[in-house]
Structure formats: C-alpha cells, structure tokens
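One line per chain: the protein sequences are A and B, in this order. Numbering of the first sequence is given in our numbering, commencing with residue 1 and proceeding in unit increments. Numbering of the second sequence is given in our numbering, commencing with residue 1 and proceeding in unit increments.
Do not rely on the hints blindly, as some may be mistaken.
[Said to hold, decoys possible] No more than 16 Å apart at the CA atoms, straight line, and that leaves these computed lysine to aspartate or glutamate pairs for EDC-like:
#: 1; chain 1: A; residue 1: Lys-345; chain 2: A; residue 2: Asp-311
#: 2; chain 1: A; residue 1: Lys-376; chain 2: A; residue 2: Asp-408
#: 3; chain 1: A; residue 1: Lys-360; chain 2: B; residue 2: Asp-85
#: 4; chain 1: A; residue 1: Lys-309; chain 2: A; residue 2: Glu-270
#: 5; chain 1: B; residue 1: Lys-42; chain 2: A; residue 2: Glu-48
#: 6; chain 1: A; residue 1: Lys-345; chain 2: A; residue 2: Glu-270
#: 7; chain 1: A; residue 1: Lys-358; chain 2: B; residue 2: Asp-66
#: 8; chain 1: B; residue 1: Lys-29; chain 2: A; residue 2: Glu-317
#: 9; chain 1: A; residue 1: Lys-70; chain 2: A; residue 2: Glu-101
#: 10; chain 1: B; residue 1: Lys-28; chain 2: A; residue 2: Glu-325
#: 11; chain 1: B; residue 1: Lys-29; chain 2: A; residue 2: Glu-128
#: 12; chain 1: A; residue 1: Lys-172; chain 2: A; residue 2: Glu-30
#: 13; chain 1: A; residue 1: Lys-358; chain 2: B; residue 2: Glu-22
#: 14; chain 1: B; residue 1: Lys-29; chain 2: A; residue 2: Glu-48
#: 15; chain 1: B; residue 1: Lys-29; chain 2: A; residue 2: Asp-408
#: 16; chain 1: B; residue 1: Lys-28; chain 2: A; residue 2: Glu-351
#: 17; chain 1: A; residue 1: Lys-159; chain 2: A; residue 2: Glu-128
#: 18; chain 1: A; residue 1: Lys-360; chain 2: B; residue 2: Glu-89
#: 19; chain 1: B; residue 1: Lys-28; chain 2: A; residue 2: Glu-314
#: 20; chain 1: B; residue 1: Lys-42; chain 2: B; residue 2: Glu-74
#: 21; chain 1: B; residue 1: Lys-42; chain 2: A; residue 2: Glu-325
#: 22; chain 1: B; residue 1: Lys-28; chain 2: A; residue 2: Asp-408
#: 23; chain 1: B; residue 1: Lys-28; chain 2: A; residue 2: Asp-318
#: 24; chain 1: A; residue 1: Lys-9; chain 2: A; residue 2: Glu-48
#: 25; chain 1: A; residue 1: Lys-382; chain 2: A; residue 2: Asp-408
Treat the hints as calculated values from the structure; they're not laboratory data.
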Amino acid sequence: MEKPNDSLKYLFQQEFSKMVAVISKLFGLEHIELAEDIVSETFLLATESWKVKGIPKNPTAWLYVVAKQKTLQYFRRNKIFEEKVLPELGLRQEKDNEIPELNFSAQNIRDSQIQMLFAICTPVIASEAQIGLALRILCGFGIEEIAEAFLSNKETINKRLFRAKEKLRTEKVQMELPAKNEIVNRLDNVLHIIYLLFSEGYYSKTQNQILRKDLCLEALRLGLLLAAYEKTNLPKTNALIALMCFHASRFNARQSGENTMVLYEQQNEELWDNDLINQGIHFLNNSVQGNEISSYHLEAKIAYWHCFKEDTQEKWEDILQLYNELLLINYSPSVALNRTFALYKANGQQEALAEAEKLKLVNNHFYFILLGELYKNIDNQKAKCNFQTAYKLAKTLTEKEEIQHKIDRLG
Amino acid sequence: MKDFMLLFRQPSYNYDTLPQQEMQILTKKWQDWVGGIAAQGKLVSNGPQRLTQEGKVLRAGGIITDGPFVEIRERLGSFIVVKADNLDEATTLAHGCPALDAGGSVEIRPVFI
Numbered sequence: 001m002e003k004p005n006d007s008l009k010y011l012f013q014q015e016f017s018k019m020v021a022v023i024s025k026l027f028g029l030e031h032i033e034l035a036e037d038i039v040s041e042t043f044l045l046a047t048e049s050w051k052v053k054g055i056p057k058n059p060t061a062w063l064y065v066v067a068k069q070k071t072l073q074y075f076r077r078n079k080i081f082e083e084k085v086l087p088e089l090g091l092r093q094e095k096d097n098e099i100p101e102l103n104f105s106a107q108n109i110r111d112s113q114i115q116m117l118f119a120i121c122t123p124v125i126a127s128e129a130q131i132g133l134a135l136r137i138l139c140g141f142g143i144e145e146i147a148e149a150f151l152s153n154k155e156t157i158n159k160r161l162f163r164a165k166e167k168l169r170t171e172k173v174q175m176e177l178p179a180k181n182e183i184v185n186r187l188d189n190v191l192h193i194i195y196l197l198f199s200e201g202y203y204s205k206t207q208n209q210i211l212r213k214d215l216c217l218e219a220l221r222l223g224l225l226l227a228a229y230e231k232t233n234l235p236k237t238n239a240l241i242a243l244m245c246f247h248a249s250r251f252n253a254r255q256s257g258e259n260t261m262v263l264y265e266q267q268n269e270e271l272w273d274n275d276l277i278n279q280g281i282h283f284l285n286n287s288v289q290g291n292e293i294s295s296y297h298l299e300a301k302i303a304y305w306h307c308f309k310e311d312t313q314e315k316w317e318d319i320l321q322l323y324n325e326l327l328l329i330n331y332s333p334s335v336a337l338n339r340t341f342a343l344y345k346a347n348g349q350q351e352a353l354a355e356a357e358k359l360k361l362v363n364n365h366f367y368f369i370l371l372g373e374l375y376k377n378i379d380n381q382k383a384k385c386n387f388q389t390a391y392k393l394a395k396t397l398t399e400k401e402e403i404q405h406k407i408d409r410l411g
Numbered sequence: 001m002k003d004f005m006l007l008f009r010q011p012s013y014n015y016d017t018l019p020q021q022e023m024q025i026l027t028k029k030w031q032d033w034v035g036g037i038a039a040q041g042k043l044v045s046n047g048p049q050r051l052t053q054e055g056k057v058l059r060a061g062g063i064i065t066d067g068p069f070v071e072i073r074e075r076l077g078s079f080i081v082v083k084a085d086n087l088d089e090a091t092t093l094a095h096g097c098p099a100l101d102a103g104g105s106v107e108i109r110p111v112f113i
C-alpha cells in the first residue's frame with residue numbers, strides 16, 4: 001500500500017463499494033447499475049482532475065462531494081424529463097419529486113454495506129455469482145481481477161454479473177436486513193459466501209499474490225463488518241473471523257519466490273503475523289458464547305492449534321477430536337484426509353494406516369502421499385508405489401517435484 | 001448404498017461412577033471409531049450420544065414397568081445410522097466398536113425405506 005498507485009487503487013476499492021452501497025440504497029437495488037455508473041464517473045473525473053491539480057487533502061471527501069453532485073444532476077435531469085417531457089407525451093405519473101440528500105456518514109455507509117451484503121447473498125442467485133457480485137459491488141474489484149481470480153475471462157464474468165443483477169431486479173430483492181427471526185438463517189448464507197471468498201484467495205490457483213491476499217483481506221473486512229453490527233455479531237460470525245485471522249497470519253510464510261508454496265512443516269515461524277494471531281484469539285474467545293458449535297468454530301480451533309508448531313500429544317489429540325466432530329457436520333475428502341493425518345500424530349502410524357486404507361480416495365494425490373508417508377518404515381516398497389501413484393495424479397510441477405523428493409529419500 | 005442401523009448393547013451403560021479421566025478415554029475411543037466411519041463418508045446419522053439410564057416399558061393391559069433392562073443381559077446404549085452396499089459391508093464397519101471391548105454387542109439392521 002506504499003506506492004501512490006497502490007493507495008489510489010486502495011482508495012478506489014474502499015470508496016467504490018461504500019458509495020455504490022449508499023447510492024443503491026437511495027435508488028433501490030433495481031438501479032444498481034445507475035449507482036455503479038455514477039461512482040465510476042466520479043472516479044473518472046477524480047483521476048483526470050487529480051492528474052492536473054494533484055491529489056486533494058481529503059480525497060474521500062472530494063469523492064463524496066462529486067458523487068452527491070452527480071446524483072443531484074441525475075435527479076434534476078430526471079425531473080426535467082418527468083415534468084417537461086412526460087406531460088407532453090401525456091404520460092405523466094404522480095411521483096414524489098423531492099430531491100433526496102445522499103448521506104455518506106460512517107453509520108449510513110456501514111448500514112448500507114451490510115444491507116447490500118445480505119441482498120447479494122440472496123438464495124435466488126447461484127453462489128458463484130454471489131461471490132462475483134460481492135467482489136464487484138462490495139469489494140470494488142475490477143472485472144479483470146475477478147476473471148483472474150476465477151481463472152475465467154472478462155466476457156464470462158460480465159455475463160455472469162449481468163445475469164445476477166437481472167435476478168436482483170426480477171426477484172425484487174430489497175436492500176434491507178431480513179426480519180429478526182430470519183436473520184440467523186440468512187446469516188448462514190452470508191457467512192458461507194465470505195468463507196468461500198476467503199478460500200478463493202487462500203487456496204487460489206492464480207499466480208497473482210497481491211490479488212490472492214486482497215481477496216482474503218476483503219473477506220476478513222466483510223466479516224468484521226458483520227461483527228460490528230449487533231444483530232449479526234453472533235458466535236459463528238466471530239468463529240469465522242478467528243478462522244480467517246489464523247489462516248491469514250501464515251500468508252507471508254506460505255509463499256517463497258514467485259509461485260512456490262512452502263509447506264507448513266518448512267515454514268519460517270518468524271514470518272507468521274503475530275498481530276493477526278492475537279486478533280484471531282480475541283475473536284475465538286468471543287465465539288465460545290452460546291451453545292451452537294458451527295464448522296467455523298471447529299475449523300478455527302484447528303487453525304488455532306496450527307499457530308503453535310510444537311508437536312504435543314495434547315495438541316494432536318485435540319485436533320483429532322475436532323476433525324471427528326467436523327466430519328459429523330460436513331464430510332469432505334480433505335477433512336477425511338486431515339483427520340487421518342491427525343490420527344497418525346495422535347494414535348500412531350499403524351492405526352492411521354489401517355484407517356487410511358479404508359478411505360479409498362483413488363483420484364486424490366494427497367491421499368496417496370498420505371499412504372506413502374504412513375507406509376514409510378513399515379513397508380518401504382508400498383510407500384514407494386503410493387508416492388508413484390501420487391506423482392502420476394499430481395497436477396502441478398511443484399507438487400511433482402516435492403513427491404519425487406519423497407521417492408528419492410526412500411532410497 | 002442402503003442405510004443400516006447399528007445398535008450398541010452393553011451389560012452396563014452406567015458411567016456415573018467412572019472417574020473423569022477414564023470417561024475421557026472412553027469418549028475418545030467412541031469418537032475415534034465414529035470418526036473413522038465418518039471419514040469414509042459412510043455415516044448417515046450420529047444418533048444420540050448415549051441413551052439415558054431411566055426409561056419405561058408399556059405392555060398390553062396397561063402394565064408399565066420401570067426400565068426395560070432388568071431381564072435382559074445387555075442394555076441398548078445408543079445407535080448410529082451408516083450407509084453401505086450390503087449387510088456384509090455394514091457389518092465390517094461395525095468392527096472396532098468400543099461396545100465390543102466392554103463385553104457388549106453391535107446389532108446391524110438394514111433400514112427399510
């Protein structure tokens with residue numbers, strides 16, 4: 001964020017989403033494109049004007065003033081149309097012609113963004129499109145960035161966003177918080193989208209490290225937005241934030257050079273972000289109120305344990321139980337694999353090997369890596385066979401190299 | 001894949017007097033075993049953690065007795081539902097159940113859908 005270009009981009013990302021939320025709230029969600037147009041024009045004017053006159057002292061205030069003027073212009077033009085043109089056509093409808101005032105107070109921005117978040121995460125839109133819309137409208141990402149994040153192209157993303165906005169219109173989705181008794185259910189979907197957004201960044205296949213980091217930080221920001229609001233500041237919201245903080249704390253340690261992933265065991269702990277770890281602990285503590293244990297709780301607790309590198313019996317037993325519980329809430333092959341690894345650490349190689357053999361995840365190269373590790377020193381020939389299968393199934397060169405290394409070390 | 005109910009019976013399910021540490025070890029055994037089935041993606045329902053000690057039995061003629069357990073050797077302690085291709089596979093899944101270590105049994109019953 002140090003370079004002026006970065007700060008301008010940052011300003012854009014921050015303010016674009018706030019302004020679109022506030023203006024959409026005023027116009028109604030069916031005119032979201034109008035709001036986007038007004039804000040885009042504002043930024044266009046900003047770049048042109050700032051290039052000549054320099055960046056104003058308070059760029060944010062500058063943007064708000066211009067956006068207000070442009071909104072006013074829109075209403076005036078609309079008024080002329082309604083008062084002068086429509087009567088000529090004999091189509092004039094009775095309408096409230098009061099020109100409303102745009103309110104860019106911190107409170108209204110926050111409220112509008114939360115309402116926008118709930119509106120976008122409506123079940124009528126497919127989740128992939130929800131993430132796209134969230135990236136565009138709430139995080140201020142450009143179409144190209146979204147395309148890169150999804151490993152797609154601009155046309156596809158444009159079409160997808162267009163259809164999603166159509167859906168908002170036709171389904172008459174309102175920018176408002178759901179009723180009190182519905183908020184908990186709807187919040188589940190909102191949290192899920194934030195979780196997916198974070199995963200998109202954290203497990204992203206894009207080579208663009210800045211983009212991946214931005215995705216994660218935006219997901220974290222949306223989570224914090226929910227935590228700042230009493231009705232959505234529930235234990236599971238806090239658990240999700242804790243989970244994101246713990247994972248994000250290892251960001252700098254996971255990457256070396258351009259695109260080499262550093263495995264957990266080999267990470268330099270000094271690169272872990274202690275502030276984020278502490279922030280995570282704070283939210284984890286907040287998350288333990290109430291009776292519900294969500295998958296975010298369990299995942300956050302597991303991620304918490306991974307903030308300590310030392311292997312203790314207590315640590316791995318606890319992790320194993322957390323994975324046991326997580327499997328009961330939602331099974332996935334990767335949870336099954338991680339659970340078996342924890343079983344190995346807690347209960348030993350033999351027991352884990354027997355369990356691993358039952359999993360039969362035959363298309364998953366991580367499965368064969370795990371089997372290879374578990375056969376090591378028990379049956380090195382079988383260990384080798386499993387590593388070789390993993391090698392064949394692995395998709396990236398980095399992974400293949402890592403597996404070859406394991407084969408070589410077997411001798 | 002069909003659903004099968006695994007019913008756990010043991011001579012005693014009264015853990016009230018068990019020292020906390022032993023209770024933890026026992027709980028871990030059960031959780032690891034159920035976790036192993038869940039890891040294979042074959043757990044349908046975890047059922048209740050444990051059925052409580054008290055209960056009533058109603059018989060014809062309005063006869064109500066306390067506890068169904070007095071005349072039988074093994075008490076029904078809990079159950080889970082798993083999915084498997086056939087009864088044999090479901091029976092294989094039941095192996096390693098901690099109820100067996102406690103002198104109990106697992107009854108495997110296909111669920112009629």
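**Prompt:** Out of the numbered hints, which ones does the structure contradict?
**Reply:** 5, 6, 7, 11, 13, 14, 15, 20, 22
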